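Could you slot chains Z and Y onto chain E? The hints should help.
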Amino acid sequence: MSENKKPTLAIIWFSGCSGCHMSFLDIDEVLMELAKKVQLVYSPLIDVKDFPNQVMITLIEGAVTNEEQLSMLKRVRAGTDILVALGDCAVTGNVAALRNAEIDGDFAVLKRAYVDTSYHNPQIPKGVPKLLKRVYPLHEKTTVDYYVPGCPPTSDNILYVLTELLAGRAPQMEKISKFG
Amino acid sequence: MDDEPIELIIDGIQVSAVHDATILEVAKQYGIYIPTLCDLEGLTSFSGCRLCLVEIRGSPKLYPACTTPVTSGMEIITNSEKLKEYRKICLSLLLSERTHVCSVCIANNNCELQDLSNKLGVDHVSFERNWTKHTIDSGHDFLVIDRNRCILCTRCIRVCQEIEGAHTLDLKNRGKDSQITIDFDALWGDSCSCTACRKCAKVCPTGAIYIEDELISKTKDKNVVSFLLKRRMYK
Amino acid sequence: MRVKKFILADIQKIAETEVDFQRAYKYRINVCCSSGCIPLGALNLLKTFEKLIKEQDVAEECLVARTGCVGTCSAGPVVVVESGGYIYQNVTPEKAKKIVIDHIVLGLPVKSLLYESKVFLKKQHRLVLRNAGKIDPYRIEDYIATGGYSALVKCLTRKSPQEVIDEIRISGLRGRGGAGFPTARKWSFVARDHRSPKYIIANLDEGDPGVFANRTLAEADPHALIEGLLIAGYAIGAEKAFIYTRAEYPLAIDILEKAIKKSEELNILGKNVLGTTLNFDVELRLGAGAFVAGEETAIIASVEGRRAMPRPRPPYPATSGLWGKPTVIQNVETLANIPLIIQNGGTWFSKIGTPKCTGTKCFSLTGKINNPGLIEVPMGIPLREVIFDIGRGIPDNRKLKAALIGGPSGGCLPDILLDSSIDYESLETVGAIMGSGGIVVIDDQSCIIDTAKFFIDFCVSESCGKCTPCRVGLLKIKEILEKIIQGNGRIEDVELLSKLSTFISETSLCGLGQTAPNPVLTTLRYFKKEYLEHLYENFCTANKCFKKKEILRIG
Numbered sequence: 001m002s003e004n005k006k007p008t009l010a011i012i013w014f015s016g017c018s019g020c021h022m023s024f025l026d027i028d029e030v031l032m033e034l035a036k037k038v039q040l041v042y043s044p045l046i047d048v049k050d051f052p053n054q055v056m057i058t059l060i061e062g063a064v065t066n067e068e069q070l071s072m073l074k075r076v077r078a079g080t081d082i083l084v085a086l087g088d089c090a091v092t093g094n095v096a097a098l099r100n101a102e103i104d105g106d107f108a109v110l111k112r113a114y115v116d117t118s119y120h121n122p123q124i125p126k127g128v129p130k131l132l133k134r135v136y137p138l139h140e141k142t143t144v145d146y147y148v149p150g151c152p153p154t155s156d157n158i159l160y161v162l163t164e165l166l167a168g169r170a171p172q173m174e175k176i177s178k179f180g
Numbered sequence: 001m002d003d004e005p006i007e008l009i010i011d012g013i014q015v016s017a018v019h020d021a022t023i024l025e026v027a028k029q030y031g032i033y034i035p036t037l038c039d040l041e042g043l044t045s046f047s048g049c050r051l052c053l054v055e056i057r058g059s060p061k062l063y064p065a066c067t068t069p070v071t072s073g074m075e076i077i078t079n080s081e082k083l084k085e086y087r088k089i090c091l092s093l094l095l096s097e098r099t100h101v102c103s104v105c106i107a108n109n110n111c112e113l114q115d116l117s118n119k120l121g122v123d124h125v126s127f128e129r130n131w132t133k134h135t136i137d138s139g140h141d142f143l144v145i146d147r148n149r150c151i152l153c154t155r156c157i158r159v160c161q162e163i164e165g166a167h168t169l170d171l172k173n174r175g176k177d178s179q180i181t182i183d184f185d186a187l188w189g190d191s192c193s194c195t196a197c198r199k200c201a202k203v204c205p206t207g208a209i210y211i212e213d214e215l216i217s218k219t220k221d222k223n224v225v226s227f228l229l230k231r232r233m234y235k
Numbered sequence: 001m002r003v004k005k006f007i008l009a010d011i012q013k014i015a016e017t018e019v020d021f022q023r024a025y026k027y028r029i030n031v032c033c034s035s036g037c038i039p040l041g042a043l044n045l046l047k048t049f050e051k052l053i054k055e056q057d058v059a060e061e062c063l064v065a066r067t068g069c070v071g072t073c074s075a076g077p078v079v080v081v082e083s084g085g086y087i088y089q090n091v092t093p094e095k096a097k098k099i100v101i102d103h104i105v106l107g108l109p110v111k112s113l114l115y116e117s118k119v120f121l122k123k124q125h126r127l128v129l130r131n132a133g134k135i136d137p138y139r140i141e142d143y144i145a146t147g148g149y150s151a152l153v154k155c156l157t158r159k160s161p162q163e164v165i166d167e168i169r170i171s172g173l174r175g176r177g178g179a180g181f182p183t184a185r186k187w188s189f190v191a192r193d194h195r196s197p198k199y200i201i202a203n204l205d206e207g208d209p210g211v212f213a214n215r216t217l218a219e220a221d222p223h224a225l226i227e228g229l230l231i232a233g234y235a236i237g238a239e240k241a242f243i244y245t246r247a248e249y250p251l252a253i254d255i256l257e258k259a260i261k262k263s264e265e266l267n268i269l270g271k272n273v274l275g276t277t278l279n280f281d282v283e284l285r286l287g288a289g290a291f292v293a294g295e296e297t298a299i300i301a302s303v304e305g306r307r308a309m310p311r312p313r314p315p316y317p318a319t320s321g322l323w324g325k326p327t328v329i330q331n332v333e334t335l336a337n338i339p340l341i342i343q344n345g346g347t348w349f350s351k352i353g354t355p356k357c358t359g360t361k362c363f364s365l366t367g368k369i370n371n372p373g374l375i376e377v378p379m380g381i382p383l384r385e386v387i388f389d390i391g392r393g394i395p396d397n398r399k400l401k402a403a404l405i406g407g408p409s410g411g412c413l414p415d416i417l418l419d420s421s422i423d424y425e426s427l428e429t430v431g432a433i434m435g436s437g438g439i440v441v442i443d444d445q446s447c448i449i450d451t452a453k454f455f456i457d458f459c460v461s462e463s464c465g466k467c468t469p470c471r472v473g474l475l476k477i478k479e480i481l482e483k484i485i486q487g488n489g490r491i492e493d494v495e496l497l498s499k500l501s502t503f504i505s506e507t508s509l510c511g512l513g514q515t516a517p518n519p520v521l522t523t524l525r526y527f528k529k530e531y532l533e534h535l536y537e538n539f540c541t542a543n544k545c546f547k548k549k550e551i552l553r554i555g
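Protein chains in written order, with the working numbering: chain E, 1 to 180; chain Z, 1 to 235; chain Y, 1 to 555.
A hint or two may mislead.
Unchecked claim - Cross-link-like lysine-lysine pairs, in silico, BS3-like; alpha carbons within 30 Å at most:
hint, chain 1, residue 1, chain 2, residue 2
1, E, Lys175, Z, Lys28
2, Y, Lys5, Y, Lys159
3, Y, Lys54, E, Lys133
4, Y, Lys356, Z, Lys88
5, Z, Lys133, Y, Lys122
6, Z, Lys133, E, Lys111
7, Z, Lys82, Y, Lys483
8, Z, Lys133, E, Lys130
9, Z, Lys84, Y, Lys483
10, Y, Lys499, Z, Lys133
11, E, Lys74, Y, Lys483
12, Y, Lys356, Z, Lys61
13, Y, Lys483, Z, Lys133
14, E, Lys133, Z, Lys61
15, Y, Lys325, Z, Lys172
16, Y, Lys478, E, Lys133
17, Y, Lys528, Z, Lys88
Bear in mind the hints are in silico, worked out from the structure with no lab data behind them.
Note that this is a predicted model, so its numbers are computed, not measured.
Same shape as in the complex, but just chain E (with noise of 0.2 Å):
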C-alpha cells in the first residue's frame, strides 16, 4: 500500500496553550501504530506551508482569535472532510475568550501584554495579524463535525475519536465528553 492511499491526517494550532497536542502525545507507543494507519500531512510539527487539499480528518485545537486564523479555518474547511474540534478552547473558547468580557478586549490584551508588563521600549507590535474583536469557539465561524471537549481531552478520548472515524463510525460523545 502507497502512502498516498493512506487516510489523510491534520492537526492545528490556533489560540490554545498546546496542551491538547500534549495529551494527543500521550497516546504513547500507540502513536505508532496510528502513524502505520494515517499520514500526517498538517501539523505544527511538520514543515508544510500550506494547508492541502483533501484532508479527511483535521483536528484543531484552540480558538479563532485573529484575522489570521480566521482565514485559515476558511482554507481548512473547503479542505478537510470530518473537521474536528479539539479541546475547549476550540469547543468553548476557554481561557482565550476570557477577553470577550471586556468590551475593547482585543486592545486590552495587547496593551498588557506589550505595554503593561514591558520594561524595554513599550509598544504594541505592528505586523502582527489582527485581532479579533471578539474570541470564537470554531462552531460559531464554520461548521464543525465533532467535538472533544476537555482541557484538556484525555488521550483515550482522542484515540477513540480518531479510531471510530477512521474506522468509518460517528464517534459516540455522549458518555465519555467532559467540560474542563
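Coordinates of chains Z and Y only, in the frame set by chain E:
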C-alpha cells in the same frame, strides 16, 4: 382514604407512592434517575431550572417533577427523546448565560452543572456565550461569591432562609440581570445578618460561592440540609 | 352626631334623588379627564367650561362634569355634550367658548368641531365601558343613578350565592385576563371550599406596552369594579378583596381610593353591607410595575409582600392562594361584567358574541392606525372590521403588514388572516392569544424581524429570572434576532429560532415565558420569506436592517 398508597407508572415500572409525594420523590425511591439542579432535599422546591421536566401520558404539557404531586393512575415518562433534547438545550442555555470556564474554575470536577453537562451529553453549546463581568465579592473573611458562575438556582438563598434562618441572601433585579444579593445590596464583609455558617457554599452547585483556602471537594456537601433536618427531628 | 347606617332601600332613594337632580339640567357637558386627555389640558378645559357657563348665564340649565375615557383617544381632549352624544374633538379653550355659545346657548351643535363617531360607535358594543365617558368617577351618586349597585341589591335580596354562580354559568362569561377560564367554574371551586377566610384579588396590573383597557375602566367606572367584587364575594363567601394595581397608575389609584372610601361611607363596603349580614372589605395594593406581576401566582406573592415571582401550579390559587387560603383572581374587565349579568340575566349576556365566547372584549387599538383608542367589540367580530372600520385603516393609505394581537406575547397575524374572528379558540389556532387585549397595527414600513425583536426585548427585560428557558432562552432569541438584523445571521438561525421558541413555550414556568416566543413563532410561520431574504440576500423590504455588518461567517 388519604392513607391508601397511590399506584402509578414511571417509565413502565409500576410503583406505589404515599399521598402528596412529588414525582421526583417517588422516582428517587425507586432508583429512577431524573436530573435536577435547583432542587435540594430538605429545601422548598423552586422549580426554576426546568431540568426535571417529565411527560405525563395524555397531557401535551411538561411537568416539573420536583413540584408535581403524583396522582393515581398517572403514567410518567422521564426520558423521552424530546426530554433529552430539552435538557440539553436547558444546560446549554445555563452554560452560555454567564462566564462558565471549567478549566479555570475553582469548582472544576466538583461542579453539578459540569457533571450534568457531561452526563447528559452536552458536548458543545450552540448559542453564542455571554461573557459577563459581574461583581465578585471576596470581602468576607473566608466566603467568596463570584456571580459570573451563578446559575440562579437560589439554593443558597433557601438554605440561608429556611435552615439557617438568617435570610442574608436574596435576589435582586430581574430577568438576565438577576443577582444574588447580600443584605440590602451590601458587601459580604459588611453584612450584619450573615452568621458565616458556610451552608451556602456547601450547597452551591457551581463555583459561585466558595470558601477561600479550602479544597472545594471538602466544602461541597449537598447532604448538609437533610443531615441537619434529621438532627432537628423534622420529618 | 349619629352616623347614618345606610340600608338596601337607600340605594333606590339615592338613585331617585340623583336622577331628579340631573333631570333639572337640559344639557350636560362631559369633559374627558382620563390619563389620555389630562396631559392635553383636560383639567384646564374643565375649569374653562365651568367659568364659561357662568359667564354665559346658562349654569342653571347646563351641568359640567368630569368623566372617564370616551374612547376616542386620538381626538383628545374630548368633550361630549349630552343629550344627543355630540363628541367634540381636540377642544381648546377658544373652541370651548364657541361650543358653549352655539350649542348650549343657541342650541346649534358646532358641526365643524364634531368628531365623526358614527362608524366608531356603531360597530362597537359597549357593555363594560357603558359608563365610560358618561359618569363622574368621583361621584358614587352618578353611578347609582345609572342603575349602579342595583345588581348588588338584587343579589342580597333575591338571590342565593349559588343562584348568582348559576346566573354567571348561564351567561358563559370567561376570564378576560387572557386565558379565558370560565368564571363560574372558578367561583364554584372556591364556593365549595369550606375553609375561611377566602379572598378575591382584582387584577389591575396591566404591564403590556400599548394596553390601557383596564386602567381606563378603573378610571372611568370604579364602582362597577367594586360592585363586581361585592357580588363575587357574596357568591363565593369571601369577606376581603384586594385590588392589585400598578403604582404607575396614579389617577386610577386616586379614583379607586376615593371610590372605596365613599362606598364605606354609604355602608356599601364594611361590616353588614347595607344592613345585611354580608361583610366585605376592599383594599388597594400597589405593585412596583413588573409585567410578570400580572401572572396570578406572582400577584399572590406580591400581595403577600414577597418578590413577584410565579410558582408552579398545582396547587391552583382556588385551593391554595393568598396565605394558603382559597382565592379567586379575576381581571377587572371580568368583574365589571358581573353587575350587568346579574341585572339583565345570564341568557341576555349569552346572546352577545359567539356561542362559545360570549360577551364583549375591550381592545386597545394602537400602532399605525388612523383612529387609535379604546374600543369594546362583541366577541367574534373579524379583526379586519376592527382595524379598517373602527380604526379607519392605516395612515397615508399604506399597506397593512401585520397586526399583533394579544400584547407583547401575542401573535403577528398577516393580512390574509385578518378575517379570522376574535375569540379565544380562533386566535389560538392562528397562533395568537387574546391576552390583555392589545392590537398593534404594523404597516409596510416596518421590518417584521425588527418588530419581533421589539417585543422579545420587552419580555427579556420583564422576565422575572426564575426559570432558565425564559431568562436565558429569550435572551438568546434576542441575540439571534439582533445578529440577523445586523446582517450577521446564519442560515441555521431560522431553525435554531424555531427550536428555541418551541422549547421556551413548552418548558417555561408561567404564562409569560410560555407565550413570550409567540411573536417569533408567528412571524416565522407567516413571514418566513422575510427571514430568508435577510439571511440569503441581505435584503430587508422595509430597508431598516444591515447597519452593522461584520466579517461574514465562512463555510
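Structure-based check of all given hints:
1. Lys175(E) x Lys28(Z): 22 Å, holds
2. Lys5(Y) x Lys159(Y): 23 Å, holds
3. Lys54(Y) x Lys133(E): The given pair, whose Cα atoms are some 72 Å apart, is violated under the 30 Å limit.
4. Lys356(Y) x Lys88(Z): 41 Å, violated
5. Lys133(Z) x Lys122(Y): Given that 30 Å is the threshold and the Cα spacing comes to 58 Å, the pair is violated.
6. Lys133(Z) x Lys111(E): Holds: Lys133(Z) and Lys111(E) sit about 19 Å apart, inside 30 Å.
7. Lys82(Z) x Lys483(Y): At roughly 28 Å apart (the allowed maximum being 30 Å), Lys483(Y) and Lys82(Z) satisfy the hint.
8. Lys133(Z) x Lys130(E): This hinted pair holds, its Cα atoms lying about 25 Å apart.
9. Lys84(Z) x Lys483(Y): 28 Å, holds
10. Lys499(Y) x Lys133(Z): 29 Å, holds
11. Lys74(E) x Lys483(Y): 21 Å, holds
12. Lys356(Y) x Lys61(Z): 24 Å, holds
13. Lys483(Y) x Lys133(Z): 22 Å, holds
14. Lys133(E) x Lys61(Z): 42 Å, violated
15. Lys325(Y) x Lys172(Z): 28 Å, holds
16. Lys478(Y) x Lys133(E): Answer holds: Lys478(Y) to Lys133(E) is near 20 Å, not above 30 Å.
17. Lys528(Y) x Lys88(Z): The given pair, whose Cα atoms are some 27 Å apart, holds under the 30 Å limit.
Comparing the model with each earlier hint shows violations of hints 3, 4, 5 and 14; every other hint is respected.
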